[in-house]
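**Q** Listed below are the residues making up each chain.
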Amino acid sequence: MGETSVVQKVADEIRVLSEPQGAAPPPAVSVAGGPADTAEQPDGGLPAQAGASSGPSRPAGAAMDPGTNPATSSAPNTMTSTATKAAEPAVSPHPYASMLREKRLASEANGRARRETLLYLDGVTKSFDGFKAINNLSLVIEKGEMRAIIGPNGAGKTTMMDIITGKTRPDKGEVFFNGDVDLTHHDEAAIASMGIGRKFQKPTVFESHTVEDNIRLSLAGPRSVLEALVHRKDAAERDRIEAILETTRLTARRATIAGGLSHGQKQWLEIGMLLAQDPELLLVDEPVAGMTDAETEETARLLREIARTRSVVVVEHDMHFVRELGVKVTCLHEGSVLSEGTLDKVSADPKVIEVYLGR
Amino acid sequence: MTRSIRWLLVGLAVLLFGAASASAQESPAEPGTAAAAQAAGSAATSAAGPAAIVQKFGGKQSYDETEAVIIELAASGDEAVARALRALRDGDLYWRKGDEAVFIGKRQGDDIAIFDPMTGEPAGAVPRGEMEKVRIKNSIRNAVTTALGSLTLRADNPAQRMRAADTLFSEADPEMIASLGEAIAAEEDTAVRARMQEALASATLVSDLPASEKAEAAKILAARGDRESLSMLTRFAGSTDDPVAKKAAETAIVAIQSNIAFWNQMQNVWYGLSLGSVLLLAAIGLAITFGVMGVINMAHGEMVMIGAYTTYVVQEFIRTSAPGLFEFSLLIALPLAFLASGTVGLVMERFLIRFLYGRPLETLLATFGVSLILQQAVRTIFGPSNREVGNPDFMSGAFDLRLMSVNWNRLWIIVFAMVVFLALLAVLNKTPLGLQMRAVTQNRKMAAAMGIRTPWVDAMTFALGSGIAGIAGVALSQIDNVSPNLGQGYIIDSFMVVVFGGVGNLWGTLVGAMSLGIVNKFLEPYAGAVLGKIVVLVLIILFIQKRPRGLFAQKGRFVDA
Amino acid sequence: MILARFLGPRVWILVAVILAAAILVPLANLWLPADHPLHVPSYLVPLFGKYVCYALLALALDLVWGYCGILSLGHGAFFALGGYAMGMYLMRQIGSRGVYGNPELPDFMVFLNWQELPWYWTGFDQFWFAALMVMLVPGLLAFVFGYFAFRSRVTGVYLSIITQAMTYALLLAFFRNDMGFGGNNGLTDFKDILGFSIQADATRASLFAASCIALALSVLLVGWITRSKLGKLMVAVRDAESRTRFIGWRPEHVKLFAFTVSAVMAGIAGALYVPQVGIINPGEFAPVNSIEVVVWAAVGGRGTLVGPVIGALLVNYGKTVFTGVWPEGWLFILGGLFVFVTLILPRGIVGTIDHGWDAIRATRRARNAEKGEASDSEAAGDPRAVANPAE
Ligand SMILES: Nc1ncnc2c1ncn2[C@@H]1O[C@H](COP(=O)(O)OP(=O)(O)OP(=O)(O)O)[C@@H](O)[C@H]1O
Ligand SMILES: [Mg+2]
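Chains as they are written, first to last, in numbering that gives the first Met the number 0: chain A, 0 to 358; chain B, 0 to 560; chain C, 0 to 390.
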């Protein structure tokens, strides 16, 4: 009940807010599916922070909408598509993320290709003993979008991921996934099953298992204990594993105990485990820390490849890497968004230079 | 490094000073005991007098002669003779035909049970024929009453008058009403007067005075509010017919009952604090090794045990070579116990625990092994049975605080626990060693990079925690059996305290220990000691469910690791 | 058969040895004449039976500790509860042959002037019911305890300490006379089991065989669990609990499953133990007993199937021998074992051998990989690897 009404609210707001914009469509040039389109966004499309302070109850999402909507989308269209969503089973924590993705692909094929918010954070605040690690943070990730997040140490990047993945509960604010799933009401396992995968800052893999077993344990599928007890390996599973090993270039190491991998290989294995989960959204915390330049380049390629079918949020300090990704960048500082836009724009922002890049 | 050592010494000194001041406070008690001894001595010398006078009742004598003896006794001013006088008044004073020795007698069929007239101690039973009663008549009775009154109620010493009033209160003797009235009129000390009025009230209740006066008396007793008043009033309420007096008595009974209930609770709180301080002592070392360092030391209880055995050895040594030092045995044992347990801890840390940092489960097992070895070693050296550790004078006995009884040893242990706690707090928060300890335990690598010698700090911290367990052992030797199992009894409780209070926080340990102690003692009357303990354990287990990090959880990210 | 490949030859050898013992020891006791060199004297049969029960208990602990990383210091409690359930059945079988000859009440109840059997004793005159309780009571306790503990994410030493507190609380409780379990003295003076005299050689031999069969079945069960995907998940939970959570598993369910299964196994071990030693008393709940089990598993090698069995047999045999020679010395030895096994032999006997073997295999595999041969993934899917604690 509560969730449908939330959806309704979203629908109303989107309608109200998109009407005036619909009258004067923004000059954005959008290329569906590719991340590069954000590169040309006008200033009006980067409102998250300004909007956060004064906008209506969901400023970020609302403000984002006009900026990134393809010019073709009109108000009634928005309404119907959201309304259709609301008509679906209200709670969508479907355990099989792959099915979610199929659904999404199907809906894209239907020609109603439009981006919907996949992840929606609004006014999120979290303090530890009075220290505000996250302060009124608002952030929206579209479906299929790849986003890079930068920011000085302690800016709250990891804490933000903790909040999205249910490890930390925010003091206040809203965190929605897929439009209508309130993530603050779910725990880590449930959120992971919904299709949010996470790579930790410090690579964590199952050190005493082989690479292959690491991936097998992460494969999307039922998560019940009894199923695991009677689980039989089958061809489909083998193929999936094979494919992931291929993608992460670990085929030759499949039988190696993960504890014996190099640091970079562990990072890749962890990304492979993420892929195995078949998530809609990947949160990747500092994937290239401790990698050589070549490895970094490889990782960037891998992530771009992944981002073709999924949404990805990458936290990274390595500016070359971020440039390589070539996506929209959000700079966090003291728990809230400092600047957002193309890398060039963000790195030209005097505030960012001041707190992060240095002169 | 030399600086750190100096600071460790300062820490030690603080602890010792704490201990010293704890026992320095004993000095007011010492003059007290000395005075008591003096009083006892003088009583002994003059006791020869009154006892001899009492013997004058023996043999055939005239009423006048008897009266003269009474006056002589009254003149002695020694209240010890009151027993004999009352016996005389009640016709219970006898003399033996054989040697004219005087006894208090109680008829028991054909025999008379005899008691010493001064002390009231039983002296056997003799056939009735061998005893002769000291004859009395009314005038003698009056003389005795007057003598009793002046003897005790009019004594010069207020303490003595107080005691007289107390005795009279318990005796509730209607015959004394008149003397009491006079004494009250003459009394100047308000405390004594109040006590005398209570004595008067108790006598009034059993007298044949009018009901209205008895009702007044009931009120006075209600104000006194102890168990004795309660039983007097209950008896009175059962026997009186007068509705007013009965009503007054019943109101008084209710008042007293709630008063007693209150003091029962206070007594429970006291027992709880006492148990809590014992738990605190046992757990406080653990709060360092487990709480601050994160080393789970299952041999902690054995450190306590080593401290207790050190006390035993010190006392044995004193007994054989310097008996005069017995009163100071605990004081001597404290630093030795600290050193003994601290050394064992140091050795453990250097040769075992340091190889196991970061592997808590292995540490648990290895230290458990050490605890088995230490126990068995002590059992082999000292034998499996309990060893006798004596209480110095200032640790023995008890006193009453209103309706509550307070044991000296428990009181000192509470004081001692607090001193140790505060000293430790100071060491941790105010000394460089404490600072280094906290630095090392929070971020070992960083601390090492800053030039702190982490292995040294680890060793010192562990030794400190163990040493404190040792001095806890000195205290526990005063109230518990000193046996090889001593430590085992405390280890689970100690862990519960630390876990309950919250790891890494001394205040949590304090609050944890005290609340566990009090809850335990409050549950005991309802559930019995064993069941109470079980309930507490279950409660803690449930509590850990709710707050896995304890009452005063240490905050921050690293605890998630 | 898949299971055969699945478990590996060593486990099958173990099972075969256990089953052989189940047959040979009774035969050697009952059929060989007393002067035959291979004759097993009657007093040894229950002693061996005891060892086998201990081995089963160690295996149960290994499932939670070795594979799931839960160091339970309270497994003695499950063992004792199973033992008490069996003891209650045996008490009821005494009938009117007790000292007081009361057909309804066990002696200690008559002694305490109880008028009727407490409600929780009903049903224990039936073997099937007692057998059910042997599994149900420890299982249920473990389930409830584990549910609360794992749900609130109590882990590591905290968990160890509260499991120890649990067995300590039960120890105190069972010491009480009014609990209705015989207080200090416990349950003893048993006469029959299933109508056979408990003293008879044949009964004892059968009990020994039953213990062996239970152990063999448990080895297979634990083998099946740990070799399954669930077993891998357990190890994953042991090594990186929060990671499993972030890929969608619920480690608390995994742990609860392992803990409950393990408690049931411990209960069965206790139930087989009691008729062989002829007594169950609250002493079995003593925390020291539970912690001793840990050392058996540690000596043999936790996280292996064979290790705990070997460890339990070795340590207990050592204990029997040693207490005969130098009774006071045993605790020194035991304490020393704790230190030795954590400091010097953290993988235990079997684990150390395995590790050496694995190292050899790894180098060989590396050489093969160099030659460009794709390595056999099946052979490598071996869950025996224990995280190297020395690192
Ligand atoms: N559980 C916690 N308890 C206390 N403080 C915390 C906790 N988690 C995070 N913080 C604090 O919140 C702030 C943000 O931390 P966070 O890890 O999110 O930063 P970050 O942006 O990821 O930094 P880095 O680039 O170094 O990874 C830090 O100051 C950190 O100390
Ligand atoms: Mg971070």
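A few of these clues could be false.
Here are some chain B residues the structure puts well away from chain C; computed CB gaps all over 10 angstroms [unchecked claim]:
| id | residue |
| --- | --- |
| 1 | Glu99 |
| 2 | Arg106 |
| 3 | Asp110 |
| 4 | Asp155 |
| 5 | Gly237 |
| 6 | Glu249 |
| 7 | Val253 |
| 8 | Trp262 |
| 9 | Gly323 |
| 10 | Ser370 |
| 11 | Gln375 |
| 12 | Leu400 |
Derived lysine-lysine pairs resembling DSS-like cross-links, with alpha carbons at most 27 angstroms apart [what the hints assert, rightly or not]:
| id | chain 1 | residue 1 | chain 2 | residue 2 |
| --- | --- | --- | --- | --- |
| 13 | B | Lys105 | B | Lys55 |
| 14 | B | Lys218 | B | Lys246 |
| 15 | A | Lys131 | B | Lys105 |
| 16 | A | Lys201 | C | Lys228 |
| 17 | A | Lys201 | B | Lys444 |
| 18 | A | Lys232 | C | Lys228 |
| 19 | A | Lys232 | A | Lys201 |
| 20 | C | Lys318 | C | Lys49 |
| 21 | B | Lys105 | B | Lys59 |
| 22 | B | Lys532 | B | Lys545 |
| 23 | B | Lys429 | B | Lys444 |
| 24 | B | Lys218 | B | Lys245 |
| 25 | A | Lys166 | B | Lys545 |
| 26 | B | Lys545 | A | Lys171 |
| 27 | B | Lys59 | B | Lys96 |
| 28 | B | Lys545 | B | Lys429 |
| 29 | C | Lys190 | C | Lys49 |
| 30 | A | Lys131 | A | Lys232 |
| 31 | A | Lys166 | A | Lys201 |
| 32 | A | Lys171 | A | Lys131 |
| 33 | A | Lys166 | C | Lys228 |
Since the hints were made in silico from the structure, they are not lab data.
None of the values given here were measured: they were computed from a predicted structure.
Ideal placement from N, C-alpha and C gives every residue a C-beta, glycine not left out.
**Q** For each hint, tell me whether it holds in the structure or not.
**A** Hints, verified against the model:
1. Glu99: holds (56 angstroms)
2. Arg106: Its Cβ never comes within 10 angstroms of chain C, the nearest being 40 angstroms, so this holds.
3. Asp110: holds (39 angstroms)
4. Asp155: Holds, because the least Cβ-Cβ distance between B/Asp155 and chain C comes to about 57 angstroms, which exceeds 10 angstroms.
5. Gly237: holds (34 angstroms)
6. Glu249: holds (37 angstroms)
7. Val253: holds (34 angstroms)
8. Trp262: At roughly 30 angstroms from the nearest Cβ of chain C, B/Trp262 sits farther out than 10 angstroms, so the non-interface label holds.
9. Gly323: Correct as stated: the minimum Cβ-Cβ distance to chain C is 37 angstroms, above 10 angstroms.
10. Ser370: With a cut-off of 10 angstroms, B/Ser370 comes too close to chain C, as the shortest Cβ separation is near 7 angstroms.
11. Gln375: violated (4 angstroms)
12. Leu400: At roughly 32 angstroms from the nearest Cβ of chain C, B/Leu400 sits farther out than 10 angstroms, so the non-interface label holds.
13. B/Lys105 with B/Lys55: holds (20 angstroms)
14. B/Lys218 with B/Lys246: The hint holds at about 11 angstroms.
15. A/Lys131 with B/Lys105: violated (85 angstroms)
16. A/Lys201 with C/Lys228: holds (26 angstroms)
17. A/Lys201 with B/Lys444: Roughly 17 angstroms separates the two Cα atoms, so the pair holds.
18. A/Lys232 with C/Lys228: holds (9 angstroms)
19. A/Lys232 with A/Lys201: violated (30 angstroms)
20. C/Lys318 with C/Lys49: holds (12 angstroms)
21. B/Lys105 with B/Lys59: Status holds; Cα separation ~20 angstroms.
22. B/Lys532 with B/Lys545: holds (20 angstroms)
23. B/Lys429 with B/Lys444: holds (23 angstroms)
24. B/Lys218 with B/Lys245: holds (12 angstroms)
25. A/Lys166 with B/Lys545: holds (17 angstroms)
26. B/Lys545 with A/Lys171: holds (22 angstroms)
27. B/Lys59 with B/Lys96: holds (10 angstroms)
28. B/Lys545 with B/Lys429: violated (33 angstroms)
29. C/Lys190 with C/Lys49: Holds, at about 19 angstroms.
30. A/Lys131 with A/Lys232: Distance ~47 angstroms between A/Lys131 and A/Lys232 Cα, so the pair is violated.
31. A/Lys166 with A/Lys201: holds (16 angstroms)
32. A/Lys171 with A/Lys131: Given that 27 angstroms is the threshold and the Cα spacing comes to 12 angstroms, the pair holds.
33. A/Lys166 with C/Lys228: Given that 27 angstroms is the threshold and the Cα spacing comes to 25 angstroms, the pair holds.
The structure is inconsistent with the numbered hints 10, 11, 15, 19, 28, 30, although it conforms to all the rest.
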